[in-house]
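**Student:** Single-letter residue listing:
There are 2 protein chains.
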Amino acid sequence: MKRSCVAVVSGGLDSAVLAHHLRADGWQLRLLSFDYGQRHVVEVDHARGLAAAMDVRHDVVDLRSAGALLSGSALTDDTVEVPDGHYTDESMRTTVVANRNAIFAMVATGVAVADGARAVALGVHAGDHFIYPDCRPPFVAAAEHLARVANEGFLAETFQILAPFVSWSKADIVRRGAELDVPFAATWSCYRGGAAHCGTCGTCVERIEAFAVAGVADPTEYVAVKAR
Amino acid sequence: MKRSCVAVVSGGLDSAVLAHHLRADGWQLRLLSFDYGQRHVVEVDHARGLAAAMDVRHDVVDLRSAGALLSGSALTDDTVEVPDGHYTDESMRTTVVANRNAIFAMVATGVAVADGARAVALGVHAGDHFIYPDCRPPFVAAAEHLARVANEGFLAETFQILAPFVSWSKADIVRRGAELDVPFAATWSCYRGGAAHCGTCGTCVERIEAFAVAGVADPTEYVAVKAR
Chain A
408 MKRSCVAVVS GGLDSAVLAH HLRADGWQLR LLSFDYGQRH VVEVDHARGL
458 AAAMDVRHDV VDLRSAGALL SGSALTDDTV EVPDGHYTDE SMRTTVVANR
508 NAIFAMVATG VAVADGARAV ALGVHAGDHF IYPDCRPPFV AAAEHLARVA
558 NEGFLAETFQ ILAPFVSWSK ADIVRRGAEL DVPFAATWSC YRGGAAHCGT
608 CGTCVERIEA FAVAGVADPT EYVAVKAR
Chain B
408 MKRSCVAVVS GGLDSAVLAH HLRADGWQLR LLSFDYGQRH VVEVDHARGL
458 AAAMDVRHDV VDLRSAGALL SGSALTDDTV EVPDGHYTDE SMRTTVVANR
508 NAIFAMVATG VAVADGARAV ALGVHAGDHF IYPDCRPPFV AAAEHLARVA
558 NEGFLAETFQ ILAPFVSWSK ADIVRRGAEL DVPFAATWSC YRGGAAHCGT
608 CGTCVERIEA FAVAGVADPT EYVAVKAR
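Here the protein sequences come in this chain order: A and B.
To convert, count from 1 in the first sequence and add 407; that's my numbering.
To convert, count from 1 in the second sequence and add 407; that's my numbering.
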């Protein structure tokens with residue numbers, strides 16, 4: 408069995424650093440992205456660019472049909488406004504797509520089983536713990552347990568769900584990306600999905616802060632940067 | 408929160424009995440089916456008929472894009488022959504779609520979270536345990552655990568993944584269906600997906616046997632019935 412890994416990537420900063428981090432760690436990569444009807448589907452183009460630049464296989468799974476049933480989220484539902492400003496309990500809750508990471512992890516696990524890969528990797532990080540339960544260590548452990556139990560006899564007993572950033576801050580990820588010369592300018596974070604990063608939505612604010620905290624130059628062009 | 412349940416149904420005998428069994432048990436139902444590129448997609452029409460007859464909401468989630476990556480299975484891959492005869496280790500393995508039930512359970516969980524439902528139900532039964540790891544009690548427990556952990560704060564702590572038939576034989580299901588007057592003739596089992604049940608593939612053979620063992624008249628029309 409190859410030491411290969413199916414990495415779930417969004418085209419964002421975290422997933423670009425994830426892919427480079429895994430490769431530096433010796434994993435043979437295959438990338439998987441999801442179109443679930445998100446407004447910021449432009450991120451999928453960035454994921455394609457990431458895969459092309461790294462010369463690895465990339466598949467985009469069309470989950471728009473499922474996404475339409477996971478409503479109430481600003482990420483997919485046009486009737487819900489994307490909130491401005493910093494992530495707070497109130498505003499982040501509107502950006503939850505029900506059970507998103509569990510669905511992604513299980514589709515990726517299926518691909519890994521069919522492909523004989525030894526792991527699935529997710530780019531979840533500690534900055535998302537407060538609001539998103541599917542970014543926390545117990546989620547990663549539960550997903551790995553389900554993956555093993557559901558596919559007993561069809562995958563390696565050592566099958567893992569890797570989440571190397573699960574206890575890292577976004578600034579830690581930026582620092583690691585800088586070490587690995589990740590082309591940050593080619594990554595996409597903005598939830599608004601315009602032509603350039605808006606600079607004011609929750610993810611843009613988080614991105615700007617992460618570079619500032621990490622002390623790494625931010626090459627991103629923002630439409631506007633909120634006074635802080 | 409309503410005492411409502413999202414039941415995953417295929418249009419087969421097990422899922423028709425599942426839906427009637429849950430309703431008899433007092434659950435308010437919503438049905439969910441998946442088109443993952445299976446040859447026997449005709450079953451989805453039978454699921455629609457089931458929902459219409461029971462007057463409950465039914466959604467079909469298009470997972471063909473994911474299904475195309477879960478190859479090596481006779482259920483989705485046109486290059487693999489559907490095996491004749493009884494379920495055996497060798498022939499059943501070719502009908503495995505990698506991680507199928509985990510993917511279905513997690514999409515259904517997302518729908519349940521978005522809908523405020525208290526449970527997801529699966530029609531898995533003991534007859535499938537030998538080959539399919541994702542039909543066994545540890546799978547159901549692991550899926551329920553992941554569903555709760557991944558959606559902490561967004562669903563009831565009492566959220567359940569129901570699998571009332573997990574320790575039943577298919578004959579037990581037929582007996583329960585007969586008690587509940589389930590219209591068996593309107594259900595679909597055949598993996599070949601022709602105009603009528605072929606009578607010779609693994610699921611047809613299993614269906615024929617289940618009625619025989621249960622001592623219930625089988626209203627199904629088969630193209631051919633293998634001498635046994």
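One thing to keep in mind: the hints can contain errors.
[Stated by the list, open to error] Reference excerpt, derived from the structure (chain A facing chain B, CB under 8 Å, subset only):
#1 L476
#2 A509
#3 V520
#4 F537
#5 D541
#6 H552
#7 N558
#8 A563
#9 T565
#10 Q567
#11 P571
#12 V573
[To be verified] Computed far set for chain A versus chain B, every beta-carbon distance over 10 Å:
#13 V449
#14 R455
#15 M513
#16 G517
#17 R525
#18 P545
#19 A549
#20 A578
#21 A592
[What the hints assert, rightly or not] The following residues of chain A were derived to be distant from chain B, with all beta-carbon distances above 12 Å:
#22 V448
#23 D452
#24 A505
#25 A550
#26 S576
#27 R583
#28 T607
#29 A624
Keep in mind the hints are simulated off the structure, nothing from the lab.
These numbers were taken from a predicted model, which means no experiment stands behind them.
Where is the CB? At the ideal position from N, CA and C, for every residue including glycine.
**Student:** Determine for every hint whether it applies to the structure shown.
**Tutor:** Evaluation of the provided hints:
no., hint, in the structure
1, L476, "5 Å, holds"
2, A509, "4 Å, holds"
3, V520, "4 Å, holds"
4, F537, "11 Å, violated"
5, D541, "4 Å, holds"
6, H552, "5 Å, holds"
7, N558, "6 Å, holds"
8, A563, "14 Å, violated"
9, T565, "16 Å, violated"
10, Q567, "15 Å, violated"
11, P571, "19 Å, violated"
12, V573, "13 Å, violated"
13, V449, "19 Å, holds"
14, R455, "15 Å, holds"
15, M513, "4 Å, violated"
16, G517, "3 Å, violated"
17, R525, "14 Å, holds"
18, P545, "5 Å, violated"
19, A549, "4 Å, violated"
20, A578, "26 Å, holds"
21, A592, "30 Å, holds"
22, V448, "14 Å, holds"
23, D452, "17 Å, holds"
24, A505, "4 Å, violated"
25, A550, "6 Å, violated"
26, S576, "21 Å, holds"
27, R583, "26 Å, holds"
28, T607, "26 Å, holds"
29, A624, "36 Å, holds"
Comparing the model with each numbered hint stated earlier shows that hints 4, 8, 9, 10, 11, 12, 15, 16, 18, 19, 24, 25 do not hold.
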